[in-house]
Every structure is written in structure tokens, then in C-alpha cells.
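Participant: This is what each chain is made of:
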Amino acid sequence: MDSMILSKEKMKDFVAALGQQKLYAPQKEGETLRFSLLGEEDVPELDFSNTTVPPKDVVFPQTETLYQYELGGTDMKEPEGGEEGAVMGIRPCDARAMSIVDSLFSWDVDDPYYLERRSGNTFIGLACLEPCVNCFCTSLGGAPASTEGLDALMTDLEDKYLVKPLTEKGEKLFQKAADVLEKATEEDVASAEKLHEEAAAKVARNVDTQGIPEKLPELWEADLWKDVSNSCLGCGICTYLCPTCHCFDIQDEVEGFEGRRCRMWDSCMFGEYTLHASGHNPRPSRRERTRNRINHKYSYYVDKFGTIACVGCGRCIDFCPVNIDILNILTQVKEAL
Amino acid sequence: MVDLEKLRNAAKEIVSQDDVKYLIGWRDGTFGFRISPHFMESPEEADKLIFSPLCTNNLATYLTMAEKLPIPRGEEPDRRKVAVMVKGCDSRAVVQQLVEQGTNREEVYIIGCPCEGVVDIKKIEKKFPDVLESVEARWENGQIVLKLPGGEQSFPREEVLAQKCLTCRYPNPVLADTVLWDEVEVLGVEEYEDVKELEGMDSKERWAYWQDKISNCIRCYSCRNVCPMCYCEDCVLERLNPTWMFRSVNVAENTAYQLARAFHLAGRCIECGECERVCPVDIPLMKLNRKLYKEVQEDFQFEPGLDPESKPLQASYRPDDKEDFIL
Chain S
1 MDSMILSKEK MKDFVAALGQ QKLYAPQKEG ETLRFSLLGE EDVPELDFSN
51 TTVPPKDVVF PQTETLYQYE LGGTDMKEPE GGEEGAVMGI RPCDARAMSI
101 VDSLFSWDVD DPYYLERRSG NTFIGLACLE PCVNCFCTSL GGAPASTEGL
151 DALMTDLEDK YLVKPLTEKG EKLFQKAADV LEKATEEDVA SAEKLHEEAA
201 AKVARNVDTQ GIPEKLPELW EADLWKDVSN SCLGCGICTY LCPTCHCFDI
251 QDEVEGFEGR RCRMWDSCMF GEYTLHASGH NPRPSRRERT RNRINHKYSY
301 YVDKFGTIAC VGCGRCIDFC PVNIDILNIL TQVKEAL
Chain X
1 MVDLEKLRNA AKEIVSQDDV KYLIGWRDGT FGFRISPHFM ESPEEADKLI
51 FSPLCTNNLA TYLTMAEKLP IPRGEEPDRR KVAVMVKGCD SRAVVQQLVE
101 QGTNREEVYI IGCPCEGVVD IKKIEKKFPD VLESVEARWE NGQIVLKLPG
151 GEQSFPREEV LAQKCLTCRY PNPVLADTVL WDEVEVLGVE EYEDVKELEG
201 MDSKERWAYW QDKISNCIRC YSCRNVCPMC YCEDCVLERL NPTWMFRSVN
251 VAENTAYQLA RAFHLAGRCI ECGECERVCP VDIPLMKLNR KLYKEVQEDF
301 QFEPGLDPES KPLQASYRPD DKEDFIL
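Those protein sequence lines, which keep their order, are chains S and X.
The numbering used here numbers the first residue of the first sequence as 1 and each following residue consecutively.
The numbering used here numbers the first residue of the second sequence as 1 and each following residue consecutively.
Hint data in this document are derived by calculation from the structure and do not stem from the laboratory.
Do not rely on the hints blindly, as some may be mistaken.
[As the list claims (entries may be wrong)] Stretches of chain S that chain X covers, calculated by requiring three or more beta carbons in the stretch to come under 8 Å of a beta carbon on chain X:
hint	segment
1	249-258
2	278-288
[Unchecked claim] Result set (DSBU-like, lysine-lysine): computed pairs, CA atoms no more than 35 Å apart in a straight line:
hint	chain 1	residue 1	chain 2	residue 2
3	S	22	S	183
4	S	22	S	176
5	X	147	S	334
6	S	8	X	126
7	S	226	X	122
8	X	147	X	287
9	X	123	S	160
10	S	304	S	226
11	X	204	X	322
12	S	226	X	6
13	X	126	X	48
14	X	126	S	28
15	X	122	S	10
16	X	122	S	194
17	S	160	X	122
18	X	123	S	202
19	X	123	X	147
20	S	226	X	147
21	S	215	X	48
22	S	28	S	8
23	S	334	X	12
24	X	127	S	334
25	S	176	S	12
26	X	287	X	196
27	X	68	S	334
28	X	204	S	12
29	X	68	X	311
30	S	215	X	68
31	S	334	S	226
32	S	10	X	126
33	X	196	X	127
34	X	291	S	28
35	S	28	X	123
36	X	311	X	196
37	X	81	X	6
38	X	123	S	226
39	S	176	S	194
40	S	172	S	183
Virtual Cβ for every residue (Gly too), placed ideally from N, Cα, C.
Excised from the complex, chain X in its bound form (with noise of 0.2 Å):
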């Protein structure tokens, strides 16, 4: 059960500790359903901190994000932790990070906040489109229950969920420093219907059908930026010498673009569904990650971002691993 008062006397506590730079956690948004992320620096902000079926954001990304600005000299680098908060998906990020040595252990602090699924603000504002003030949400009885301005309404989750919720098999935490509350049931299934029905098309339907996807893309990177294993100091797509991928917004390069994102998650996306989440132009990326996903675990029976002590995929080898794609 989301106990606020607790997870707000927690971050007092873990804030004010001196090896602890700051903690992200949620607060509530300007206005209607949205949340925003919440950075804080001393125990006094506290109080703003939620935890709600509106929480979607995966914070984890913040933690490759933080800028190194170049240290004057003869001053060190500050090496404190950051706290921060995860549902189960989102732990799994940081596992990944951890795996693939994108964050050190001694510099986060894990605050687990075990997860009944997060709802899908396309869905909601789909709904009801014209709520300004900000919107209270929380759990109860396998329900989700909004305090919209007319009052109470309960949802059942399969109605407002977001996607990757109603198939998730890790909703509690799969790493922390500290667990604010009990573990919750799974009860995701992942049966991969979306994926079948896209493997079920032909090559010429299929492509057909990313085409038409693709082609909305405005390369805004937000897929690219949001996706908490999008990390690299220096991408692929900034690259100008060589050119991998021309900057031209077409079909063509577009497609370039999402493909080779999609390649470079493969055995390493956990599944946030951030980069769906927040494309303006409502391409189904998942079902790209998801594809991969299916495939790796598959053929190579892994799944990632569940074991610090893992090895990544792509820099493991097992004898018996599976070579009949290799022509």
C-alpha cells in the first residue's frame, strides 16, 4: 500500500544524509493528470513528493543525463550519491546502467517503490481532455481511482493502464537500497500478442506498415533522450564524418534512424515504454523494442536489467548459444 507519509519522511531522511548529492522522485504537474519530475536538495521539499498511477516517468534516465561540466582545477569531481526513486520497470534501468558500468553502485541510492501499474495519459486525456486543475490518482482494490474536479471515479486497470502495465512481470523493484512498502502481486502475462500480429503480416504488410509509421517521425529525438539505456556521450546520429544517418526528415532516413535505435536496445531495453509514452507522433516503438525482446529471450533465454552480476548480452558467450541466423 503507498504510504505517502512514509516515503516522505524517507526522503527526508536519505536527502539529508551527507554523502547524498539529491533525490528524484514525483510531484504533481501544472495541470490535469500530468506529474513532473521532482529534484530536491534538502529535507524542506519533501512534502511535495507523491506516488500515484500518474508517476509514468522512468527516472532512472536522469541518472546518465546529469551534466559534467568541466572541473576547475584542483577540484574534484562530487562523487555523492543520488537518490532515486523506481518502480519495478524503472529498476531495471538501473540494473542495466549497473551492468553496463553507465552508473557506479557507490554513486545512486535506490528507493524502491513497488508498483500496481501506471495509467496511460494518452488514454486518460483521451477521456477527459479538458481537466486543468491537477488531478489526484491512487490504488485501490485492483482499481484506479481519479479525483476528477466533477469527484471519484474508479477505472479497472485493463481500461487506463498503459500497455507495458498490463503485461508486467516485474512490478516490484528488482534492486534497491531501500523498499518503502510491501511487494505487490504480478499480474502481467506477457503473451506478445501485439508482436505476433506484426509477425503474422507479410514482409511487403509489414513494411508497409512501419513506412507509415516512420513517415510521421519528426526526429525530435525524445524516444532518444527519454530511454534510460540512450546514454552514449557520443551518438551515432550526430556523427558527421562519417555520416551514418543524413539529417533529412524523409522515409528513408527516418527509418534509418528507428532501426538503429531499436538494434542498440536489443538485449538492453527493460521495457519503460517511455519512448512510446512521450512520441508526439504516436509511433508504436515498443512493438520494435518488443520484437527484440521476444527474439533475445528466445534464442538466448535473457532477459536484461534483472541481474547486477549479469554480464551484458552482446559481450557474452556460450557455446551452445544459437547460430542458425548467422548465413
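With the rest of the complex left out, here is chain S (with noise of 0.2 Å):
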């Protein structure tokens, strides 16, 4: 399928055409920025940098019902899935943290609850134009219109968007609302193609890796993870707002008589991530877990599945109310290696 165009002005329309499907999209929530399902009414918010929490919970809830059963029973009840929806307005870096960590969740289990929301959803990008002033994707092997991961490819050309299906998954989704949208031009595609290059060449931040991933358990004892530590509050922002941290634990929660087992986003920032029942905790303190932090998106992943965790969408800089900034930590290890 050529890419077409969607005119801004036709966006209800298109919605509208996609029929009963689940839509989740950026929404404005106050000043927060996050995915959601879409309401009839709602138009997909579109133009931003990046939203503040990535869209990692669309396949991977932040609390997920696994079963219900009720106190004394034997019954389990699951809940309904496997739904169809799509996902519009993904950046291209967190839509690439997607696909790593599909490895992950097709490890040696299946992991049926989001492989079958990865399968069922058709993942529709929105290149990046404005990268922000931590983005560093580039050095990860990432780019602002990178198309791993996604279904189609979005690119907003001011009063209209470029829309390029990239799998017969997007196809067959755009086909359904072929009537709103038109055919692009030539010129269409090269000024899209020459904002990709010039965001390319915007984005200012940057890490060279090589030998990171090798070297890093050697740094084991230094001091750089006690100087990284020690104003690290110990809270979830940089795990939780990472697009490919997806560590989770699993809890039954009961009232009265009903019960459910439910898993909910973790975070090894967290001292009781890592406490045994026994009460001894291998990771004692926040030099332990900072540490685990770097090393497992940095090194264990890459052994294990061949690539960095990381996407460098720069939301832990972002966030990180004491300014613990990977990129820092990453200049501190290349200098120490």
C-alpha cells in the first residue's frame, strides 16, 4: 500500500471510520500527558513531544486481573480478552521498546496476557520532529521516524499527516477508513522524509556504547555507584516511566470473599523488590539497586537477548527529581572502563 494522506481537519472522520475498535491515544489528563482509550467524542491529542508515561501500559497494564475466585471455591474466572484495537500516536522509541522487550515476554514462556494485546493491536507511530532536549535515541540504534515496532508510520506535514502502512496489519486498518483519506504526492513524501533527516540531526544529546555492555560488571565495587546512589530517593519514576522497564509482581487481593490475583507494575528501585521471605535482602541498599538499574538495561539484557533495554527516550532524566541522569552514568562507566 503507497502512503496517503489524512488531513487534520478529517480526524473525527477517521476515527469515526475505524468503527467499534478500540482506539487508545495520547490524552491530555490536566498537565499530564498519557495514553487512553478514546471516548466518542475525543479526538486523539497529537502534538506533543512526548507523553509522560509511555505507552508500555496499553500492552502491559500497570494492574492486570490474571483470575477471580471466590474464598473456599474452586472456580477460577479469567477475565474476557483478545479484543482488537489500535494504538495512534506512538513515538518511534517507545514503539522500538516494544519490540525489545517482546524478546522478554516470549522468553521461554509464552506470556499469553501481552502477547495477545502486541498481536491484537495494530501500533500506528507519529515520527518525531521536535526531539526534546534529552532524547538520545540515535546512539541506541533508534531514530525520530525509526519504524521497528510499529504498523504504520505517521508524520505530521503541518495541516495534514503523511501516513505510510508498514505491515498488512496497518494496511488493513487504514483500508477501513480509505474514504477520508487521500493519495500522497511525490513531494508529500520527500519533505516527510526530509523532516525525519533534520530531526535526525536535532537530536543533542548523544553516548557512544561500545564496550558497555561487556565492561560494565567489571565496575562491580566502584565508587561510581555510591556517588550515583546517594541522592537517589528510592522512588519508581525512572523504572516506571521507562518504556521497556517491565519487571512486575504478582499479589492476590481479597475482600470479604472474593478474590483476585492480580500483577502490577515493580520497580527495583524498590528495597522490598529484592527482599526475601527470610527477611535478607541481596540488594540492600540504593547503591545495589541503582547499580542493578544500568547493568541490567546495559548488560544482562544485552546477554541475554542481544540488545541494550534502553530506547533513550530520556524520560528518567526527565523526571528524576535529584537529577541522576543515565547519560551521566554512562560517561562516568565509558571513563572508568
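Two chains, two frames, a set of hints: combine them into the complex.
Facilitator: See below:
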């Protein structure tokens, strides 16, 4: 399928043309931008640098009920799933993050919850034309218009979007709305490409990751971890807002006789995360925890799945209340190697 | 007047004392308007210290955050002092910790920095979203001067200062072992305008307002962790048996969490505003805290964090205490 044009004026018609399908898109909730299910009257908010909360919660919800039960009974009730939907307005970095995390969720045992949502949804990206101050996607094999993990890519051309379907799923979705789309001209395609190149040149921060995955564990006892962790508050901002962080906890929640087993995001920055039932904690202080966050992303994940589990979206830098800056840490790592 | 040379010299001297473990101050951050807490163990690191309108962090929180790892048999715990730089509001946190015996007076050295108000980073970054180079800032004739890449710009206080600073009545440290420069004039008046606005709503409207805000909470616990008054070793949130609050992130559990936090801060919150500053999803937490602050002030004529010799509100009783809220 060739590239198409979606006029901004026709956004409402486009959403309507998708019909009954669930559509997730960035929505303003106060000052915070995050992905949510679009209501009938809602229009996607597509004029942004990046969302505060990454779209990972569409495929990996912060809290998810695995099954419900009654105390004393043996029956389990699983929630119905499997409805098809689409996610619109994903930045290429966040889409890449999903494709990186796919390897984890389909590793030794397939994770049906995650994988069902991954295959049931169509992922429509929105090329990033104005990278934020802490973006560094280009250092990690990404780009402001990367297509990895996406079914279609949109590019903002002022009064319209250039839409480029990338997979069969993407084509199918846009065919549904063929009536509101127009054919793209060669100029449209060329101007989008030019914008993509310009955006890549605007990415201001970077790190050379060469050698980091292999050598990082050698710095196990380095002073650097103490320096980094001194100011760490041990909160969950960096991990919860990270598009590749994927750790979860499973808990039984019982109210009266009704119980549910659910899983929810967990964070390796919490002391409780590694606390053993015996009371022993192998990561007893923030030094070990901050060290783990960097090692997991830049070394362990590479060992296991062959790719760095960081896409350079910059959220952990933007939102850290005490200015713990992963690029600064990586620079120190490079110097120490 | 802020005098950086004086500050650095004082820091060098203090950190060289035998009875001081380390000093916590502020230094330039890695980009734009951000600053970073600076932990220094030796005088050589003093040259990085700064004090400017960008020094928002309340460093008193680190006094109770130091991890107490098991001490090998035969070794004594290190009871040397931690030196900490404090603004007026931060000093109130130290005082309240002393009142509650969360911190020992013998183990802390308080360096007072009279303060003309710190910026609201969110406000400033909205104005200047793409600044990568580290920005310097200073107070000058009641204005805030920012040294931006394109040249210096001055702003009136109202335009860039954090809300807590515009109503601040305690810009000078209420307790300090050394004060670095002259006290500053108190400019803030507390009218509780935003709290009154909420009080003016009927309960349904108010419920809807908070449900809307609190539904955004992602339970990262940054508000709890950054709070200098939230230092329980065993937090009610982490209890599993009994489970007081579920980990499920939904509006009911988030509300339980935020209300529990607010209640636990009644008569204890010293209005440093850190919870609201760090919240990644912009929940106006200080409105809750300030409502309780106002209640405590009106009903018990009590303000926390002013007098290290005072008793905690909940541990004090006067026969004429108001009782009309008891059913």
C-alpha cells in the first residue's frame, strides 16, 4: 500500500471510520499526557513532544487481573480478553521499546497476556520532528522516524499527516478508513523524508555504547555507584516511566470472599523488590539498586537478548527529582573502563 | 546576599572537622535548570557547591534516608555528624525531625542559607523547554535573573517562583549551627486562597476534583520518598499482613494511599512542597497538605517545625483543645 494523506480536519471522520475498534491515543489529563482509550467524542492529542507515561501500559497494564476466585471455592474466572484495537500516536522510541521487550515476554514461556495485546493491536507511530532536550535515541540504534515495532508511521506535515502503512495489519487498518484518506504525492513523501532527516540531526545528546555491555559488570565495586546512589530517593519514577522496564509483582487481593490474583508493575528501585522471605535482602541499599538498573539495561539484557534495553527516550532524565542522569552515568562508565 | 565564596569556605572548614562525616549541599545539574544534591566528604569537592534560586531540593530528607546496614561484630556505628545545607523551609523539616526524634541533634550540623525563594522548575521549563547547557541563576533586587544561552533575563518573583515561596513566612532558617549570610525579608503572606477555593466547592464537586487528579497517580511513591517527614522504616504501604492498601493501581486504592499520606502528615508537614514538585503526573498534593495545615493552625494554634523543644501535635494535649470534631 502506498503512502496516504490524512487531513487534520478529517481526524474525527477517521476515528469514526475505524468503527467499533478500541482506539488508544495520547490524551491530556490535566498537565499530564498519557495514552488512554478514546471515548466517542474524543480526538487524539497528537501535538506533543512525548507523553509522560509511555504507551507500554496498553500492552502491559500497570495492574492486570489474571483471574478471580471465591474463597473456599475451586472455580477460577478469567477475564475476557482478545478484543482487537489500535494505538495511535506512538513515538518511534516507545515502539522500539515494545519490540525489545517482546523478546522477554516470549522467552522461555510465552506470556499470553502481553502477547495477545501485542498481536491484537495495530500500532501507529508518529514520527518525532522536535526531539526533546534529553532525547538520545540515535545513540541506541533508533531514530526519530524509526519504524521498528510499528504497523504504520504518520508524519506531521502541518495541516495533514503522511501515513505510511508498514505491515499487513497497518494496511488493513487504513483500508477501513480509505474514504477519508487521499493519495500522497511525491512531494509529500519527499518533505516527510526531509523532516525525518532534520529531526535526527536535532538530537543533541548522545553516548557511545561501544564496550559498555561487556565491561559494565567489571565496575561492580566502583565508587561510581556510591556517588550515583547518594542522592537517589528510591522512588519508582525512572522505572515506571521507562518504556522498556517490564518487571512485575503478582499479588492476591481479597475483599470479603472475593479474591483476585493480579499482577502489577514493580520497580527494582524499591527495597521490597528483592527482599527475601527470610528477611535477607541481596540488594540492601540504593547503591546495589541503582547499579542493577544500569546493569540490567546495558549488560544483562544484552547478554540474554542481544540488545540494550534502553531506547533513549530521556524520560528517566526528565523526571528524576534529583537529577540522576543515565547519560552522565554512562559517560562515567566509559571513563572508568 | 548569597556569597558563594563564603559558602564554599565554610563548607571546606566544616567537612574537615573530625566529627563531620559528610556534607550535603547543592551543585549544578547535568542540563538546563536542574541542580543535583552534592554529597561531599572532602574539602576539595567544595568548589562545586552552589546556592541559587534553582536549589529546590529539600536536603533534610537525606538525614533520615541514610541506609543503616548491619554493622560487623565488634564495630561501632559511625555517629559523626552529617552537615546539611538548609533553606528556611528545609530547616523546619530538620526541626520537626528533631521533635520526633527521627534525627539526633548531636548527629547533624545545620548550615543555614537564608533564601529569597526558589523557582518552580515546571513553570520555567515550560517557558524554556530546550535548554541543554547548565543555567546559572541568582536573586537581584527582588527579581530572579537567569543566565540563559541567549543572554541574561530577569523575571519578577510571581512569574517564576514556586507557589510555596510566594506564601512563605519562614525564608530564614529557624534553627542553624551557622548562618551563611544576612537574614532576608519575609515577603510571603499565607491566605490559603487555593484551599479556600476547594472548601468553597460542595462535597460532590470536591470529590470529583480529587478523583480526577488522583486517578492519574502511578504509585511511584516519589512523593513519599522525597518527603522529609515520611521516614518510617516500616511503611503502612508495604505491609502485606494485614494489607492496609492494595497494590492495585486504581482510583480507590490511589485515594486510600494519598489520604493515608496526607493524614500522616497532619501537624507534621512543614510545607516544603517537595511532594508536589516531584510528582510526574502533576497531582496538586500541597492542596491536601495545606488544608490539614490550616485545620491544625486554626484548631490548635500549632505550626510544626518551628521549635525543637516543642512536642509533636499528636503527642500534646491541652484541656481547652477543641473537641467539636469528635462525634
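Participant: Let me make sure I understand: some of the numbered hints might not hold for this structure. Which ones are they, in numerical order?
Facilitator: Failing hints: none at all.
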